[in-house]
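Q: Just so you know, the sequences run in chain order A and B.
Just so we're aligned, residue 236 is where the first sequence starts under the working numbering, counting upward by one.
Just so we're aligned, residue 205 is where the second sequence starts under the working numbering, counting upward by one.
By construction, these hints were calculated from the structure, which means they are not laboratory data.
None of these values were measured; they are calculated from a predicted model.
Honestly, I wouldn't trust all of these hints.
Here are the simulated BS3-like cross-link-like pairs (lysine-lysine), alpha carbons at most 30 Å apart as the crow flies [said to hold, decoys possible]:
1) 251/A with 513/B
2) 513/B with 258/A
3) 435/A with 513/B
4) 440/A with 513/B
5) 282/A with 459/B
6) 327/A with 513/B
For the chain A half of the interface with chain B, some residues (derived, Cβ under 7 Å), not all of them [unchecked claim]:
7) 259
8) 261
9) 263
10) 274
11) 275
12) 277
13) 278
14) 285
15) 293
16) 294
17) 376
18) 381
19) 383
20) 424
21) 428
No residue lacks a Cβ here, since even glycine has one placed at the ideal position from N, Cα and C.
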Amino acid sequence: MNFTLKIWRQRDAHSKGEFKEYKVTDISSDTSFLEMLDILNNDLVHKGEEPVAFDHDCREGICGMCSLHIDGHAHGPSQAVTTCQIYMRQFKDGATITVEPWRSAAFPVIRDLVVNRGAYDEILQAGGFVSVRTNSVPDGNAIPIPQADAEESMDAAACVGCGACAATCKNGSAMLFVAARVSSLAKLPQGRVEGARRAKSMVAKMDELGFGNCTNTGACQAECPKGISIAHIARLNREFLAAKLED
Amino acid sequence: MAFKLDSKIPAGELAQKWSNHKAAIKVVSPANKRKLDIIVVGTGLGGASAAASLGELGYNVKIFCIQDSPRRAHSIAAQGGINAAKNYQNDNDSVYRLFYDTIKGGDYRAREANVYRLAEVSNLIIDQCVAQGVPFAREYGGLLANRSFGGAQVSRTFYARGQTGQQLLLGAYAALNKEIHNGSVKSYTRHEMLDIVIEDGEARGIIARNLVTGDIERHGAHAVVIATGGYGNVFFLSTNAMASNGSAAFQCYRKGAGFANPCFTQIHPTCIPVHGTQQSKLTLMSESLRNDGRIWVPKKMEDVEALRKGTKMPSDIAEEDRDYYLERRYPAFGNLVPRDVASRAAKERCDAGYGVNETGLAVFLDFKTAIERLGKEVIEKRYGNLFDMYKEITDVNPYEQPMQIFPAVHYTMGGIWVDYNLMTTIPGLYAIGEANFSDHGANRLGASALMQGLADGYFVLPYTIGDYLAKKIQAPKVSTATPAFDEAEKAVKAKIEKLLSINGSRSVDDIHRQLGLIMWDNVGMARTKESLEKAIVEIAALRKEFWKDVKVVGTADSFNVELEKALRLADFLELGELMARDALNREESCGGHFRSEHQTEEGEALRHDDKFAYAAVWEYKGEDVEPELTKEDLVYEFTHRAQRNYKD
């Protein structure tokens, strides 16, 4: 298969970026999208040009490192997969494919397709944890947890922190990301104790870091590679309101 | 000068060793902990849990990771589960049984005392993770669920769907975030350790490169902890993440830390087979699939040929024409034999010509029987995400046709030598998790890597490091304006300059692929004297070529992925040779290390306990100089070393 690639190139955070066009040829349909970029990069290195920088690591869809905007969609045209799980058989032979970094004020570009997602770490550092010390805990079976609650907690905990939700949202809101963590812990008795404090501090940090507000467009859910439901945002809102009412 | 190895294994009964040791080692007072600095390199299960626990204790901790967030570490990709000796299933599990299975699984090449401690603290790990809000799978009654893994006849594996590593890492990462929030831990992301700094024979800090700006930084500390995982990417194609590397461990070795059993590599039996020549990595299919999946190849060669031609589908082959070779050879454990045994059995069938795809390098993992017995819904609930992943990659629906699998490099049991305190041969330098060599012997059991990472980080290192730091309470802040730091920084800068100036004709990836092929063909699932001698020569030649002809584009003072990869490959080219040397020295077969010259009549690994019941600890002697071997004798006081038997 042959493709024309329009790829965003930007030297660093302070430089102006632009699209550049590249051709790749003789690509097997079983090649993954990132392997196709590897092939392009290997060609560029042989020509003495600097390769395209992009984030990736596990290539199994779990580390959350890969982050490409492909033909206008976060993680490309398929539903519920990360960029590393896209294969070239999903594109038409001869197609022109546009590849951009996440576009979000809170995720500045570092180079080419690589962005800084440190803001997500900061939000979790503000309260996305249970305050237990190592070794000061009861037996694992001391508190039975209904299977349905554990499953719902796990649904939310599947979030890989890739940033697709904020990058997709027209308001640049990180609500789905925050809601996934708040909701996952809220469904478990261990997380309930600090529920109010957690919701307030994480939302406050999100606002402080310049993420926008949620207007319920649902775009985040549609582009989320892990299919995290916006129902979790409703739970975050309930947690947040309850916390505010207690004040 | 050979090492004087002191494993510091405490005296006394096996079950009392850890308690006695904890009672005997020193502790540091809260007021003194505030004055002591610790560097933790790597933020996977080991590094994150250690850094969080050390921060809670009151030490000043700095953590370093190469990714953009601590949560990306490769621990996140572990699928199946984590072992613990809870005996929640009432199937007669115990600390002793977990210890015994692990020692036996490792083919009697691990230390009894370390493995017993691992089994002992395993139960605490589950309690800790539950308290952190890890959403483990639960039964209808609300209690924790378990499943079975290879090498065990009890159900002791705790899991969170097929994402156990992710959930445990998010737990440890959350504990880390709590400490970052509290100010006791400072996080350096997109930073790579490029050297360890030694002064007066003790670890004093690291040289790190800021991967965004290219700045070379100095960081001093009273102790340094290496938690950077394994070196399986020597093989280029492995199940490791693309950036996983052995460089931090190798720098420690270069500066004088002993490197133990480098040849002990785990080849995981259930990975998606290689396709084409442009593939970048291999994908693991969780061992948990062997709970319900049955492994087979056709009995008749005509069926093999029909499969390859596409004139028959696997489902067309009648039950009586299928060779469920693991069930045939190992009736007691069946499809749940340890990984090394399952991998070799697959290789044996494929070598005999029964491989089921066009390359002849694949066997079937079939769920037909399980779907008939339990229904598609149950299978979907248990393994849905793994089945989806398989379909995405291969375009084949595993609910209708069996999966094709083949062994691939997955884990390295070898690593930096550590004593019972997890300290290396360099005082003040520690190694935990996959980065050390200590607990898995010659083969790791499934669901035990997560257990070891968290055991070391939460429950072992936070105590044992105090014994060393208690001697440092009068020591001032470590200055980085010293000749040792000057020299280390100068050497790192010179290496980077050299790599950028070669401007040869071969890309880093080209050379890395070639190294991978040499390793797989000669230092892979079966090794011989000839293949290992050949590998040593070929790797040395390739290393020369690398330093003469590699092409690294870009600059030192910018975000430069090619430079990162080149620095890591330079170390893989050394590590690969060290692995081959170690494999050549070990003239026996044990666990994942299979020397074709040493096998039983039935083709099982044949150990030579009289000659090789030791950990091989290698000491760096300089570039292109043969390393020196020191042996740590493995004394078995409490278990009888037997030929491993998974048949009855």
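Q: Among the hints numbered above, which are violated by the structure, and what are their numbers in rising order?
A: 1, 2, 3, 4, 5, 7, 8, 11, 13, 19, 20, 21
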